[in-house]
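*Asks:* The sequence shown begins at 0 in numbering that gives the first Met the number 0 and counts up one residue at a time.
A few of these clues could be false.
[Stated by the list, open to error] Here are the computed lysine to any residue pairs in the SDA-like style, where the Cα-Cα straight-line distance is at most 25 angstroms:
hint, residue 1, residue 2
1, 56, 225
2, 287, 321
3, 307, 35
4, 211, 195
5, 226, 245
6, 152, 96
7, 133, 120
8, 152, 76
9, 49, 260
10, 307, 41
11, 193, 182
12, 144, 65
Hints listed in this document are in silico derivations from the structure and should not be mistaken for laboratory results.
Note that the structure is predicted; figures quoted are calculated from it, not measured.
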Amino acid sequence: MKDGYCRFKGFFFGFFSVVLFFISLSTRAVEPDYQVELIQAQPLETTVIKTGIITYKRILNLSFKSSGYLTAINTDEGEYFNQGSILATLDTTELNEQKNSTYARLLQAKREVARVKSLLAKKLSSEKELDIAKTLVETSRADYKVAYYNLEKAQLIAPFDGIVLSRNSELDELQSPQNIALTVAATSNNLIVKLALTAAEISMVQLKQQVKVDLGTQGVVTGYFSKLPAMADLQSNMFHVEVLLPLSKREDNIVVGKLVEVTITNNSEKLAYALPISALNKVNKQGKALITVIKENQKVQQSYYIDKLTNDFIFLAANVNDPALNVITQGWQGLTSKPIADIETQ
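With the hints as constraints, model all of the structure from the sequences given.
*Replies:* Have a look at this one:
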């Protein structure tokens with residue numbers, strides 16, 4: 000009885016050991032999980048992020064055409080105004096007198112022409128006297144037009160909807176054409192972002208090319224290049240460009256002088272495979288990237304030239320007719336069978 004029990008016990012443990020052995024073999028034969036992505040060759044996209052400052056594209060200095068004392072100023076720094084509104088006015092007493100006196104001389108010159116014509120009809124004058132009288136009419140008319148123009152320009156009238164940037168005059172101060180009374184800027188289609196680009200960066204852009212401008216809490220808007228200089232700044236060797244913003248200072252409440260980020264994206268004619276950085280196995284001695292792909296149901300390690308490398312992606316050189324790749328992007332480290340080394344791909 001005891002011998003039978005021992006034989007049964009030995010058989011049981013032997014059978015159990017065999018089962019564990021086959022289980023361990025089957026477990027080792029199973030490949031660990033890995034992730035495969037189909038990667039197409041696409042035009043190589045280059046993205047540059049630059050910091051710029053919002054400012055006005057154009058500002059205007061307003062001065063009076065004539066000299067005089069400032070009697071009224073209807074706006075101040077930081078205030079908005081509408082097109083056609085009167086911003087400031089000079090004392091027009093002297094200008095009115097000049098206009099009236101020139102008008103009186105014009106009337107007198109016209110009467111003189113009439114008198115000379117009457118005398119000429121009676122052969123008591125000459126054609127020369129008539130020519131002199133007509134010339135006096137024309138010069139008097141020109142003087143009157145200038146006096147009338149100066150009187151009109153005794154007011155600063157807003158040429159557009161805008162904002163006052165600086166006020167340089169006070170009431171009762173003597174004004175002259177050389178003195179800037181107000182500095183203003185238009186509020187519509189007049190906001191730009193000024194950037195400084197390197198020679199390599201400016202070669203990526205062109206006029207009217209769209210960019211993304213991050214305004215922070217006000218969101219991201221689309222602008223476009225409105226100015227590209229022909230040469231770099233001699234001191235900084237940078238190209239100072241302008242991005243026009245389709246915004247209104249008044250309606251969109253944009254803060255001028257604010258620093259913003261501008262994202263410039265350029266698609267080149269070169270093709271590349273954009274792979275997650277996790278797909279990179281290593282870089283060989285030739286500087287090529289090694290990746291593992293599924294090719295005809297086999298795992299093959301291929302090498303490619305690196306076009307660009309970022310924190311998240313690696314861009315591998317490709318040609319026009321290159322097929323899509325089934326790339327093992329995650330889990331290649333745990334493969335039990337070593338991938339086949341392919342012939343140099345690129």
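*Asks:* Determine for every hint whether it applies to the structure shown.
*Replies:* Quick rundown of the hints versus the structure:
{"no.": "1", "hint": "56 <-> 225", "in the structure": "10 angstroms, holds"}
{"no.": "2", "hint": "287 <-> 321", "in the structure": "17 angstroms, holds"}
{"no.": "3", "hint": "307 <-> 35", "in the structure": "22 angstroms, holds"}
{"no.": "4", "hint": "211 <-> 195", "in the structure": "16 angstroms, holds"}
{"no.": "5", "hint": "226 <-> 245", "in the structure": "15 angstroms, holds"}
{"no.": "6", "hint": "152 <-> 96", "in the structure": "15 angstroms, holds"}
{"no.": "7", "hint": "133 <-> 120", "in the structure": "16 angstroms, holds"}
{"no.": "8", "hint": "152 <-> 76", "in the structure": "22 angstroms, holds"}
{"no.": "9", "hint": "49 <-> 260", "in the structure": "6 angstroms, holds"}
{"no.": "10", "hint": "307 <-> 41", "in the structure": "13 angstroms, holds"}
{"no.": "11", "hint": "193 <-> 182", "in the structure": "20 angstroms, holds"}
{"no.": "12", "hint": "144 <-> 65", "in the structure": "14 angstroms, holds"}
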